[in-house]
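Enquirer: Numbered per this note's numbering, the sequence shown spans residues 113 to 568.
Treat the hints as calculated values from the structure; they're not laboratory data. These numbers come from a predicted model, not from an experiment. Where is the CB? At the ideal position from N, CA and C, for every residue including glycine. Accuracy of the hints is not assured; some may be wrong.
[Said to hold, decoys possible] No farther apart than 25 Å at their CA atoms in a straight line, the calculated lysine-lysine pairs in the DSS-like style are these: (1) K520 with K333; (2) K330 with K528; (3) K458 with K361; (4) K493 with K458.
[As the list claims (entries may be wrong)] Quick list of simulated restraints, FRET-style, between CB atoms: (5) T153 with D387: 29 to 39 Å; (6) R309 with K528: 35 to 45 Å; (7) S530 with E198: 48 to 58 Å; (8) S173 with K131: 14 to 24 Å; (9) K131 with E198: 27 to 37 Å; (10) P285 with A197: 49 to 59 Å; (11) R364 with E198: 45 to 55 Å; (12) R309 with P199: 47 to 57 Å; (13) P478 with P394: 54 to 64 Å; (14) P285 with D230: 26 to 36 Å; (15) P304 with S173: 36 to 46 Å; (16) G231 with A408: 44 to 54 Å; (17) K528 with A197: 48 to 58 Å; (18) A467 with A408: 25 to 35 Å.
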Amino acid sequence: MSSIGKRKSGVTARTVKKKAHAAVDAWAQEFHRFVDAAAETLQAKELGDVTWLEHGLRETSQGLCRDVLRWLLALPGLRVPGDRAEPGERRVRGQERMVHSLFGDIPLVRNYYHRPADGQGRFPLDEALGLVDGYTPGVAALIGRCAAELPFQRAAESFRAYTGLAVDARQFPRLTERIGPQVEQFLREQRPSGEARPPRVYVATDGTGAPLRHEELKGRKGRQPDGTAQTHEIKVGAIFTQHPVTGEKPWRDLDSNTYVATTRRARPFGHMMRDEFRRRFPSPPADVVFLGDGAAWNWELQRNFFPMALGIVDFYHVAEHVTGVVDLIEDHHTPSGRKRRRRWVKLLLRGRLDAFLAEARQAFPPNQTEAGAKALAYFEKNRERMRYRHFREHGYFIGSGVVEAACKTLVAQRLKGSGMHWSETGLSHILSLRTALLSRRYDEFWHTRSLSPHAA
113 MSSIGKRKSG
123 VTARTVKKKA
133 HAAVDAWAQE
143 FHRFVDAAAE
153 TLQAKELGDV
163 TWLEHGLRET
173 SQGLCRDVLR
183 WLLALPGLRV
193 PGDRAEPGER
203 RVRGQERMVH
213 SLFGDIPLVR
223 NYYHRPADGQ
233 GRFPLDEALG
243 LVDGYTPGVA
253 ALIGRCAAEL
263 PFQRAAESFR
273 AYTGLAVDAR
283 QFPRLTERIG
293 PQVEQFLREQ
303 RPSGEARPPR
313 VYVATDGTGA
323 PLRHEELKGR
333 KGRQPDGTAQ
343 THEIKVGAIF
353 TQHPVTGEKP
363 WRDLDSNTYV
373 ATTRRARPFG
383 HMMRDEFRRR
393 FPSPPADVVF
403 LGDGAAWNWE
413 LQRNFFPMAL
423 GIVDFYHVAE
433 HVTGVVDLIE
443 DHHTPSGRKR
453 RRRWVKLLLR
463 GRLDAFLAEA
473 RQAFPPNQTE
483 AGAKALAYFE
493 KNRERMRYRH
503 FREHGYFIGS
513 GVVEAACKTL
523 VAQRLKGSGM
533 HWSETGLSHI
543 LSLRTALLSR
553 RYDEFWHTRS
563 LSPHAA
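Based on the provided sequences and hints, a complete structural model is requested.
Expert: Written out as C-alpha cells, the structure reads:
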C-alpha cells in the first residue's frame, strides 16, 4: 500500500485543502449571486412554476460537490491498496483519467503498473474506488438500474432526466456487460437472508422465451412449423412464503417473493432454485409446496431438487386441458360444450377426478377413443397433484400466478419489446440485473461489492 501523494512532488495536504476551501468560497459567492437573481425574478412577477429554480439549484450544488470531490481525491497521503510494483511490474507515474461521478466528470492522476512479459497492467486507484469503466459505483448502479428497466436509449434519457448527467446510450449495454456477470455471481453466492423460518414456503417454476439475434438462431431447434427457433427459452422460478389462517383464502406474504431466471437448461436451473431456497431457509420449513404446470421438466425438477415438497399442478392449466378434452367430443364454444366444460372443471375443483374421467370416457365418440385416452393420461399421471378439494381445505394456493406474473414482469416487459433481438450473453446480463431488482437484492449487491477488495 502506498500513497498517492508520492506521485505529486511539492504538493502538500495544506495546499490541497486551501484550494478546496477556495473552491467552496468561490461557489458560495456564485450561489449568493444565483439566490439574489432568483429572488429578484420571483418578486418581479406572480409566483408560478419554479422548475427553473430547482434545476438551477441542482446544477449549482453539483458544481460545488464536483470540485470538492476532485480536491479530496487529490489529497496527498491517501493510502491506495496495492499501489506498489509487484515482481515483474514496471510503474508508470502520472496517468490521467476522467472519472464519471454523480456530480460530473473529475480528472484524476494515478499510477499504472505494467507487466512487459504479458502486456497486462493495472490501476490500483481505479480498483480501490471500485470504478466500472471509469464510472463510480454510484453512477454505475444507477445506469444498471435504468438499463434493467428500460430499453437502452430510453434508459439514457431517463438517467439524464433523473440525475442531470448526460451519458451516451451506447454506454448502457457496455456497463451492463461489466455489471451483469458480477450480479449473477452475487446471486449464486450463499449469503444467508436472515429471515425467520415461515410455516409454509412455495416453489413455483415456469418457462417463457425471448427473441435472439438471427445469427444466434442458426442450428437451434424450436417450435416453428419447420422445426426452427425464434426465441431462446428462459426458465423462471419464484419462491415465496405464506402464513396460512384457518378458514381464510390463501394470501402470499408481502414482499416474500424472490426469483431465479436463466437461459440454461432444467438441471442447472434446478441447482439455482435449490441454492436460492437454501440461502433463504437454511433450516427447511415443515411445509414446502411445489407449483407448476403439467410440463414434465417441472416435476423432474421437483423430484431431483425438492423431493420433500407437496406437488400441485396449476389448476388453470388443468382447466385448459379440460377444454381440450371437451373439444374431442364437441366444440367447447357451443352452449352444450360450455356447460360440459363448466361441470367438469367444478368436478375437479371439488376433488372428484374419477367422476370426471368416467364421464369423459363415456362421452368420447368411437373415432376419438384413442385420442381421448391420450388426453386423459395427463390427468391420471398427475392424479396426486390434482387433489384440489384437499388443497383448498388446507389453505394452499392451487394456481401458479406468481411465477406466471414473473414471466411477464421479469422477462417480457424488458426483453420482448417490439424489434428487440438479443445475444445470449446480453440476455443473461439483463436477466441477472432484473432478477436482483425484483428480488430486492440490487442495492445489497452494490453494498457487498463496496466491501470487496478489487471489486472493479
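Enquirer: Look at each hint and say if it fits the structure.
Expert: Each hint tested on the structure:
This hinted pair checks out: K520 and K333 have alpha carbons roughly 24 Å apart, not beyond 25 Å. As the CA atoms of K330 and K528 are separated by approximately 20 Å, the hinted pair is consistent with the 25 Å bound. Between K458 and K361, the direct Cα distance comes to roughly 18 Å. Compliance with the 25 Å bound is thereby established for this hinted pair. At most 25 Å may separate the alpha-carbon atoms for a hinted pair to count; K493 and K458 meet this at roughly 20 Å.
At roughly 59 Å, the beta-carbon separation of T153 and D387 lies outside the given 29 to 39 Å, and the hint is violated. Range check, R309 to K528: about 37 Å between beta-carbon atoms, so the 35 to 45 Å window is met. Checking the proposed 48 to 58 Å range against S530 and E198 shows it holds: the Cβ atoms sit about 51 Å from each other. At about 19 Å, the CB distance of S173 to K131 agrees with the hint of 14 to 24 Å.
At about 33 Å, the beta-carbon gap between K131 and E198 stays in the expected band of 27 to 37 Å. The hinted range of 49 to 59 Å is not satisfied by P285 and A197, whose Cβ atoms lie roughly 35 Å apart. Taken as a hint, the range 45 to 55 Å holds for the pair R364 and E198, whose Cβ atoms sit roughly 53 Å apart. Restraint check, R309 to P199: a C-beta distance of roughly 51 Å satisfies the suggested window 47 to 57 Å.
The hinted range of 54 to 64 Å is satisfied by P478 and P394, whose Cβ atoms lie roughly 58 Å apart. Evaluation of the 26 to 36 Å hint for P285 and D230 yields a pass: the beta carbon distance comes to about 29 Å. About 40 Å separates the C-beta atoms of P304 and S173, a value consistent with the hinted range of 36 to 46 Å. Range check, G231 to A408: Cβ separation about 51 Å, and the 44 to 54 Å hint holds.
As the Cβ distance of K528 to A197 is approximately 51 Å, the hint placing it in 48 to 58 Å holds. Taking the beta carbon of each, A467 and A408 are about 26 Å apart, inside 25 to 35 Å as hinted.
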